[in-house]
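If you read the sequences in order, they're chains A and B.
Heads up, the first sequence is in this note's numbering, so the first residue is 1 and it goes up one at a time.
Heads up, the second sequence is in this note's numbering, so the first residue is 1001 and it goes up one at a time.
Please note: incorrect hints may appear among the correct ones.
[Said to hold, decoys possible] Once the Cα atoms are required to be at most 16 Å apart in a straight line, the calculated EDC-like pairs of lysine to aspartate or glutamate come out as: (1) 1231/B x 306/A; (2) 273/A x 1245/B; (3) 1066/B x 1087/B; (4) 1231/B x 297/A; (5) 311/A x 1237/B; (6) 1243/B x 306/A.
To be clear, the hints were calculated from the coordinates, so they are not data collected in a lab.
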Amino acid sequence: MSILVIAEHDNSSLKQATLNVVAAAKAIGGDIDVLVAGENVGAVAEAAAKAEGVNKVLVADNAAYGHFLAENLGDLVAEVGKGYSHILSAAGTTGKDFMPRVAALLDVAQVSDIVRVESEDTFVRPIYAGNAIATVQSSDAIKVITVRPTAFDPVAAEGGSAAVEQLDVVKDAGLSAFVSEEKAESDRPDLSSAGVVISGGRGMQNGENFKMLERIADHLGAAVGASRAAVDAGFVPNDMQVGQTGKIVAPQLYIAVGISGAIQHLAGMSDSKVIVAINKDEEAPIFQVADYGLVADLFEAVPQLEEELKKAV
Amino acid sequence: MKVLVAVKRVIDYNVKVRVKPDNTGVDLANVKMAMNPFCEIAVEEAVRLKEKGIATEIVVATIGPKASQEQLRTALALGADRGIHIETDEEVQSLEAAKLLKGVVEKEEPKLVILGKQSIDTDNNQTGQMLAALTGMGQGTFASEVVVEGEKVNVTREVDGGLVTVGLNLPAVITTDLRLNEPRYASLPNIMKAKKKPIDSMSPADLGVDVAPRLSTVKVEAPASRQAGVKVADVAELVDKLKNEAKVI
Ligand SMILES: Cc1cc2nc3c(=O)[nH]c(=O)nc-3n(C[C@H](O)[C@H](O)[C@H](O)COP(=O)(O)OP(=O)(O)OC[C@H]3O[C@@H](n4cnc5c(N)ncnc54)[C@H](O)[C@@H]3O)c2cc1C
Ligand SMILES: Nc1ncnc2c1ncn2[C@@H]1O[C@H](COP(=O)(O)O)[C@@H](O)[C@H]1O
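Let's have the full structure, built from the sequences with the hints guiding it.
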């Protein structure tokens, strides 16, 4: 078996999710090559070559891939990937964008968002917002798979010494162009891989009040998340949404503040190790999954929490 | 310009899903079914394009059993002009759905195809991208804003790091995210009018597509359930427990 892992990166650094996907590839077994597609990605390729368990790093360095346009990446990965038994990427918004194109071009099904490998052709994935867990078997010659990074412990970032090979495959479909971007800049850790996450919901009432959560996050080295209701109301940007159709998180500690606990929200955080809920409604469904529940008005409890945490850690 | 919208019949998002005791799937007998929420957003976007004078005709298509005509009628009541029902009782997976929709695209030649980003039953998030690849179109997935200008469309996409805007040549495929719009409700007069709008029925064979699934479901299980923990009396007790019992801070 030979597995092609598509690296996730921002042209300058390798994202940790790639190491989780390599771990999923190891669980399948076989030679693992990593494809780094982007623009001026020398440093990314070097980082990928050091990852544990990587056999070879293939580099497609061209302006056509600089903005990760799905049309160009889809054509590239379908061509490079056709010699492999499995093609894997992280189930982030980039992988979700181009991987189904790869599957369609290769005329194979895609297995989305796997959380476990049973064998080389059988995988486990949540469906219905995580209310059911399906084991599916693929009969296709090439398995195109997106991987939920939080479900696999990352391989070591250092220690490997894979060969790096430049590809000169340029695919520019000419169907789309990058226009602009609004990046949510933050000095806090990445939501998807943070060890502690504190999230706010509709109960926060406005964006200004999220500063209370940010201060706690900065003290704990945590990331800040949100429910859909808080994003829809414009309190915080879209990239903070945790849930079935937002980000999946599985930190050591998840603190839900003013969040009711709809199934679509739980789908994104119920694999957290320890869950804390602060809600004034003692019937809120979030308490059914919380290890520690505090029935309180958040506008009293959150400032107290900040004080107590400063004393304790 | 003509806009094609694909809508899927799924379990209503409010229903508490239960896994069947024999682990073959989830129990769909007597549960409330509805249009996939992301498809409602797709229909709404098409209707707004028509209200702005950009879209001239909205065709709505669905693949599924006889009962999925209910979702076509809902879309027609919301403002779509006519429906296409690709009728089958078989399970149709995303690749095969994309192939069937490709058949519809070839017949109808729409300038814009709008789908939901994700079905809330399979959580696949694949069909729009596959359709775009099969028809050689560009794609704007997870859209939170759509601006059509002449032969181009700019799509602002919700991505992990924030927002990114891409420009696509038409025809193109768009998949909707939650913030694209807030779908309206159908009014009673419009529900009555929708009953008279035409629905064209066909089979997968009419479109020359083999819908046999490539993925077989070995089993479906309930997730490991989390036990509710304890209620703490105050913040001091909470912090003490996090530090000394759970040891996570
Ligand atoms: C297709 C689809 C996809 C979705 N995807 C997602 C998703 O990815 N992520 C997601 O989060 N949701 C998602 N949702 C939405 C989900 O169904 C809920 O509507 C949403 O999670 C509710 O957010 P909330 O808990 O912040 O708001 P609410 O349900 O309104 O809850 C607010 C809570 O705050 C509490 N509160 C209010 N004031 C205070 C106070 N002063 N002190 C303490 N507590 C207070 C209230 O008691 C209440 O429990 C999706 C829905 C659909 C249909
Ligand atoms: N059976 C179907 N009939 C019509 N549209 C579908 C069907 N399956 C998927 N789609 C469309 O594809 C979108 C994404 O679905 P999926 O790839 O299954 O998550 C849905 O929101 C629909 O717009």
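(message) Tell me the numbers of any earlier hints that the structure contravenes, in ascending order.
(response) Number 1 - this is the single hint that the structure violates.
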